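Chains as they are written, first to last, in the numbering used here: chain A, 27 to 158; chain B, 1348 to 1518.
Calculated from the structure, these hints are not laboratory results.
Fair warning: there could be bad hints in the mix.
Claimed, not checked - Okay, derived cross-link-like pairs now, DSS-like style, lysine-lysine, Cα gap no bigger than 25 Å in a straight line: (1) A/K40 / A/K100; (2) A/K119 / A/K73; (3) A/K73 / A/K92; (4) A/K40 / B/K1453; (5) B/K1513 / A/K40; (6) A/K40 / B/K1448; (7) A/K79 / A/K40; (8) A/K109 / A/K92; (9) A/K40 / A/K73.
Stated by the list, open to error - Between beta-carbon pairs, the in silico distance windows are: (10) A/E102 / B/F1378: 26 to 32 Å; (11) B/S1381 / A/G99: 33 to 39 Å; (12) B/T1429 / A/N78: 35 to 41 Å; (13) A/F47 / B/E1376: 40 to 46 Å.
In this text, all values refer to a predicted model and were calculated from it rather than measured experimentally.
All C-beta atoms in this analysis are idealised placements derived from N, C-alpha and C, irrespective of residue type, glycine included.
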Amino acid sequence: MKKLKKINSQLTKKILIGDLFLIFFFIGLTVFLTLMLWNFPQGEYLKIQMGNKNIGTFSLNQNITKVIDGPIGKTEIIIDSGKVRVSKSPCTKKYCIHQGWINQLHQTIVCVPNKMSISIIGNQSEHDSLNY
Amino acid sequence: MTPSIIKINHQDHRVAKLAAIAIALSLIEFFFPSPIPGVKPGIANIIVLFTIIRFDFVTAVWVSVIRVFVVSIIVGTFLSPTFFLSLTGSLFSLIFLFIFKGLNNKYFSVISLSLIAAFAHIVGQFLIVRLWIIPHDGIFYLIPIFMISSLVFGLVNGIITQSLLKLNISK
Chain A
27 MKKLKKINSQ LTKKILIGDL FLIFFFIGLT VFLTLMLWNF PQGEYLKIQM GNKNIGTFSL
87 NQNITKVIDG PIGKTEIIID SGKVRVSKSP CTKKYCIHQG WINQLHQTIV CVPNKMSISI
147 IGNQSEHDSL NY
Chain B
1348 MTPSIIKINH QDHRVAKLAA IAIALSLIEF FFPSPIPGVK PGIANIIVLF TIIRFDFVTA
1408 VWVSVIRVFV VSIIVGTFLS PTFFLSLTGS LFSLIFLFIF KGLNNKYFSV ISLSLIAAFA
1468 HIVGQFLIVR LWIIPHDGIF YLIPIFMISS LVFGLVNGII TQSLLKLNIS K
């Protein structure tokens, strides 16, 4: 009976101060963990390759258009302050153009007919294979 | 036929009734499709919380563990990874509820307990997933999704439990 009384007194208010405190604590924890864990690394450089020949590495922090000569024609690449896309390509399927903008570390666009590949790299050297 | 040697008392009946409700709720939840795999509302926790407040902690442990075992046998996941995930989540919830059930009644209501239980569930499941089922750091990218869902469902379950306790069911 004593216990029941305690429960009833507890139910006068719907949400108590402690509950609000705990809710905000958990919201804060969720936001903190989201920011910490969903912090995908941004790349800093663009590496352009033609076949197995390295054309060069360019900074992503600029607005330029690059035209590269390939076996079947010219491919145009646009670097726009942090993101990259292929804007013109002589290939037939245009997969490289449809891929759109890329801006994250290790993302890659490949144009197989023109033997061209561009990928975003960071400061550290990347792994070329992983074993589990 | 020999009469049953095990003496069945009032508390056994109570555990059976509460566990039956919890199992029914779990099964309803199982047959509802979930938008994100793995995210479940956990409505059976309402019964566990209700039991802790209205009756005692030992009854709640019985209800929770019986629910996990019976539901897994009915659904067919007994001794599979799903079963162990469910069991770890429930046990972590119970451990955290045992630690925090003495929270001040003046400032913390059952909503706090519900939130703590929901988060403990996630913590336990992530530990077992990381250590045993998928030993890869990639799963940590999923933490925010599960945190948000446990926050929302913990809150909702807590409010439901509160209104259930208000009804003053005495059995």
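To see whether the hints hold, each was checked on the structure:
no. : hint                         : verdict
1   : A/K40 / A/K100               : 69 Å, violated
2   : A/K119 / A/K73               : 23 Å, holds
3   : A/K73 / A/K92                : 12 Å, holds
4   : A/K40 / B/K1453              : 12 Å, holds
5   : B/K1513 / A/K40              : 10 Å, holds
6   : A/K40 / B/K1448              : 18 Å, holds
7   : A/K79 / A/K40                : 69 Å, violated
8   : A/K109 / A/K92               : 14 Å, holds
9   : A/K40 / A/K73                : 59 Å, violated
10  : A/E102 / B/F1378: 26 to 32 Å : 54 Å, violated
11  : B/S1381 / A/G99: 33 to 39 Å  : 50 Å, violated
12  : B/T1429 / A/N78: 35 to 41 Å  : 47 Å, violated
13  : A/F47 / B/E1376: 40 to 46 Å  : 29 Å, violated
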